[in-house]
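Which chain is which? The protein sequence lines are A and B, in order. Per our numbering, the very first residue in the first sequence carries number 525; after that it's consecutive. Per our numbering, the very first residue in the second sequence carries number 327; after that it's consecutive.
Worth flagging that the hints you see were computed from the coordinates, not collected in a lab. Treat the hints loosely; a few may be bogus.
[Stated by the list, open to error] Covered by chain B, per the in silico footprint, the following chain A stretches (three or more residues, Cβ under 8 Å):
1) 753-766
2) 809-816
3) 849-856
4) 1355-1369
Each residue gets a CB set at the ideal place from its N, CA and C atoms; glycine is no exception.
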Amino acid sequence: MGRRISTLLWVKLAGAVAVGSVFTGGNAAELSDAAKVEFFDNKIYPILKENCFKCHGGRERIKGEFRLTNRSGVVKGGESGAAINLNKPEESLFLAMLTWKDENHEMPPDEKLPDAQLALLTEWVKMGAPYNPAKEIHGKEEPNGELATNKINERTKNAWAFKGAKPTVLPEVDDAEWRKNGIDAFVHAGLAKNGMKPNGQASKAVLIRRAYYDITGLPPTIEEVEAFIADKSPDAFEKVVDKLLASDQYGERWGRHWLDLVRFAETNGYERDSRKDLIWKYRDYIIRAFNEDKPYDRFIKEQLAGDLLPDRDGDSITATGFYRLGIWDDEPADRELARYEYLDDILRTTGETFLGMTIGCARCHDHKIDPISQRDYYSMLSFFSDISGHGKGNRNHVAISDPSEKAAYEKALKEKQNHENELQAKIEPIEKEFIEGLAKRRPELKLQSGQAKGNQNAWVVPDANRGKGIVWEFTFDKPADNWFEIAFDDSKWRKGRSGFGSPGTPGAKVRTPWHSKEIWLRRDFRFDTIPAKLTLKIHHDEDAEVYLNGKLIKSFMGHRSNYTEVDVTKQCLDVLQTGRNTLAIHCKQTSGGQYIDAGLVVDQSKPPVPVLARLYGKEVFGEAKLKEYNQLQDELAKIQATKVTLKTEYAMAVGEDSRRKMWILRRGMPALKGEEVGPAFPEILAAPAAHVPNEYTVDKATGKRRVLAEWVASPENPMTARVMANRLWQHHFGRGIVRSSNNFGFIGEKPTHPELLNWLANELVVGDWKLKRLHKLIMMSKTYQMSSRGNEAALAKDPNNDFIWRYDMRRLSAEEIRDSILNLTGKLNLKMGGPSIYTEVPRDVLATASRPGGAWGNSSEEDRNRRSVYIFVKRSLHEPFLSAFDWADTDNTCDVRFVTTVPTQTLTLLNSKFLNDSAESLAKHVAKVAPDDTEAQIRHALQKATHRKPTDVEVKDGLELVNDLKGKTKTSEEDAMQRFCLLVLNLNEFLYLD
Amino acid sequence: MKNNRPKNTFCGQLNRREYLHQVGGGFTSLALTGLLGAEGFIGSQTVAADGKTPWQNPLAPKDPPLPAKAKNVIFLFMYGGPSHMDTFEYKPELYPLDGKTIKVNTFGRGGKKAGGRVVGPKWKFKQYGQCGKHVSDLFPNIGKHVDKISFLHSMTADSPIHGSAMLMMNSGSLLSGRPSMGSWVNYGLGSDNENLPGYVVMLDPTGGPISGAKNWTSGYMPAAYQGVVMNASGSTPILDLKNARNMSREQQRMLIDKLNKYNSRHLSDRVDNTALSARISSYELAYKMQMSAPEAVDFDSEPEHVQRLYGLDQDRTKDFGKKCLLARRLVERGVRFIQIYSGGNHNDANWDAHGDLEKNHNYHAGNTDKPIAGLLEDLQQRGMLDETLIIWGGEFGRQPTAEYAKGTGRDHNSYGFTTWMAGGGIKGGVSVGQTDELGSAAVEKPFHVKHMHATVLKQLGFDPNELSYFYRGLEQRLVGVEGAEPIHEIIA
């Protein structure tokens, strides 16, 4: 037996040993194979078994795809690459990991092996890692010999999702009525094949309610229902559908479905969850695009590459806000990793939203289920590699109107600043003279001229006029993007005393010469307590930007010949912190001399000169000079009051700032860069190579995102049209033909009606990618118009309605519930677009934020009554009403919302202020319709909520409640009706659609 | 979960439908209809994220797959990052270095530094208990309970920045959008009391921690698993528990009874729709919750000596004391996971001592020492400590060196810090791991946040590497895809 093993082993090891003996030259390699097996059995196997097998072979789940229980696994390695380097054994990754040489690769993870064991393992590797075949454990073979789903092979190439939609032929259907519309033919044929029949038509009252909610997210009025029921013409429903699709509310409803997919939110989600100014314009773009029936292929191209299209415009640039929607960490612990997280989030969302592919799963290793390799992932990621970083304030703002307007604005702003500076220069000497004069005349006022009141400690950052100036960190070379953040490492910068400028600058103390165009300065200071007031003193020549703790607090333009004082308390309030703070300044000049110095003063009060002048001006100056002074002040006030408005509009959009390489990152770690890759499409989709033509270049951008956009939006792309057609179906029927609408891969659900999906996708493409046409096609089908009622036979056969024998009931979405309540009470404000609004949020909810006062805003009542799609989306504080009704997660793409029923939701509907106020409004509304007639009021309230005439029993029940409340609990008529209206808003019939 | 794992699926993965059936107990919607009338069925129901598959009540109580030591968890979250060398990790060699400039690698909000001025520990340490554990004078009361506690002195985290570090401590990931630990526990075990939330969060009076609700989010899981904020001091402990128009219970009863009539009529020809009946029963549950929740915060029913034990008789400790007492009362009532924040808002409103370390830590420790000791003692006396797992700690620790030229403030430190655990099958009087002599980084047996998470799950009866939730094509875990082992050294 022993001989046999060694013979086998010899065959396996022959190559390795031959090589090994040349390179290692050690004794180990010269051992006989039997001795090697013995060495393995006695010395190595126990170490492996004790320390490694638990994760690498002994259990079903193998970590890192690295199996140590047989030799081929050892040699092959895992997802980090080959474990053993047979040519240079000392450089083997296996040994590098065991010796903890690389902080990303420390094995075993809990504790390093003792040196003696490491020496044995090193010797073993040098031998060529001999194994005892008798001890080998192999993994399970693929079940039934099936081909793997995560490799490119005949099985995956022929998978329904990846092989693309073939032209489909309508099936034969014997019922003529079910032959007219292609949808009906497929559905009917499917039912017939399973011996089932479709439900009959829903009633007209049910149908119109269904159609209104599906298209607009709002209910019809009583009059609209009655008119539809009265309209006996054959195209009565078609007229309703056309009207709804043409309404503005269509875009608000269907735009919201899209916003779920792209995880739309208006804050970055980390730290203080800062606002993303202007990102609401993306939301308006989406709503507009749906309302205009923008072809879906164009819609894709605008979002992925709207800034690169030959016919780009404001709209298409706004669309690229798509790239700025995700979460980002303002203060990441690892900046490079955070950059990849940002890009990963974009790729994941792009893959799932447009392609129904979980490309993101191939970040650390090849996809475990689908045929998407790590190479595919990084090749796709490479399309996005040049995107500029996310940032605060206006950093990601891009002009979406004529650039000449921006130039005109900047010119006007500069003129205004210069004018102000000139006036200040005239006013200051007068004030100085006045204060000095006044101090002499009225010593009891204890005035000091030209200096801060209070003690020296008020200067947290002294300016150059205090003592010998202070030391700043500075650089003349453009630093990294995050140079103004607290955590930025400025240890490589130079140090110099303030101020900075060309020596001899009049009226300025220059201690550190500065001759170049630009300078960046940083200075740390500390607070033991947060100051009440903070004043910035700055002397700038010319334009300066001042940051505190990473936030841009003030920009200055032009030059001044003296210090200017600005109260920056408000701007700094949200970033001030105890302990270390960082003031950072960027100053640049265009011509002439240059100078920069700044100081920070806390709680310092300046003598209020204009007030003093009013009181003592005549006494000190005499009338003439006072008049001159007042005129100057008036002029200054006038200038300050004039607003230079920017005609240029901006949007938060994508930008590219430099060309960056991309590599395959082993285990997804930026430190483990593997092979370099360029833009390419996933191999399984058999796409042509991603070639970026020269003429696609726009400014700094290569245009590669345009190549991606064109491929995604191409009719030849096997995924795109079907993914979108499926989404349309999903939001009309409550579920997709593929239920996992973001995932068409092997772990996703299979389509219930694959042929129908292909047919719909084809209809989408041949209809020039217009969505409204497809909506109408769906809504005019008998399938859409079926009743939702159950019947025993069908329920027994197909309880999940997979064959679509009925229309599925659905609960209204969070937005539909809130908007319907507002609508019912007559308060709904249909104003469209613009910055988001804030609803009234209970104090208990605001208290959950780390800055309870600053987390949420206020809107007028009129604005609060606008549609839910316009409510501000704050990642760390979801609007509580929407959140209670399963609102979409805003951190990840959300393809299907949950529908939960929990007691806390019921508490909201019974007890919240919003519901109770709304119930009162509804009560008042029906009281106006039928004054002094409780029964008619009840009837009206019920009809408004359910869109049908209530039965007598229902009215009687309502009356009974009102009378009981009044009689047994001594409630007023008004309060009793308020309670009844609250009941109406809690009806299942109000919250569910048939 | 483990026992139900199918063996023949690719890569050990479940497909979506198998998964849903497994979670839902394999019931079809028809089977569910039959169950609805049965007693004990909690009237909440979720439709899974495919928009269709009916899912049994997500909070129905479930048995843990493995023997469990703990049934409930109370996580005392010292938000802001308490200094380990000033609280529970005695560093005698650090005192004489006070004021000296030394070389040491640190990483905090001020970035990476290679050295700085040492701030010696500002409090004396005394030995307590049979184990002789050194505890600083900040915690004279907790000190008396060291024999119940396991100290983890070598904790590490991946970020020294509040926002992401909080997410990591709560959800195991620096990335936003993951479910928090309480959500995982409710997902895995359900709730034993249908009249109270299964996962309760209590916040500091100054506000929530940074990122607010993200710290108790259910992430990609249904909202049924998210933490419910409870107010220990107000008259409405849960949002909307009280009617905004002060509707009396009698009126509400009349309203609900009548509403049931309307909704039952509506149901009569839609009986196959289980969601409708679930909504009907949810009104009864809401009605009951309105009784149960105020009853839980009714501290007057506690004898005076118990109130004193938690420090309810002193202004300083009253707020945190109430929260600790409420935590015990909630545990008694079957609430699975309770998290209490010490500190909120920003700067010195929490343990984030960048300015004056002494002032900051004296304040926060002084507010919490007595209540926490009271909680440990009370649980012990009632025999509840065995099954209640207590966790104490922040999102990271602090640096041995000063953040700035003057003052005692310390910057953040995720290279090494202390978390302690007690009860729920955790050993007492044990200290595991340590940081270097300066307290700058874990050097002996370094543990990661996920090891602590794994330990919690293990004590609750899970194999932490098997408790998973299918999302985005992956079996997601609290301890991450790579997995993590529990800290065996502290498990009794």
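How the hints compare with the structure:
Only residues whose C-beta sits within less than 8 Å of a C-beta in chain B count toward coverage, and the stretch 753-766 of chain A has 0 of them, not enough to reach three; the restraint is violated. Only when three residues or more bring their CB closer than 8 Å to a CB of chain B does the claim for the stretch 809-816 of chain A stand; here the count is 0, and the claim is violated. Proximity of the stretch 849-856 of chain A to chain B, defined as three or more residues with a beta carbon under 8 Å from a beta carbon of that chain, is established by the 5 residues found. Under a criterion of three residues with beta carbons nearer than 8 Å to beta carbons of chain B, the stated coverage of the stretch 1355-1369 of chain A is upheld, 3 such residues being counted.
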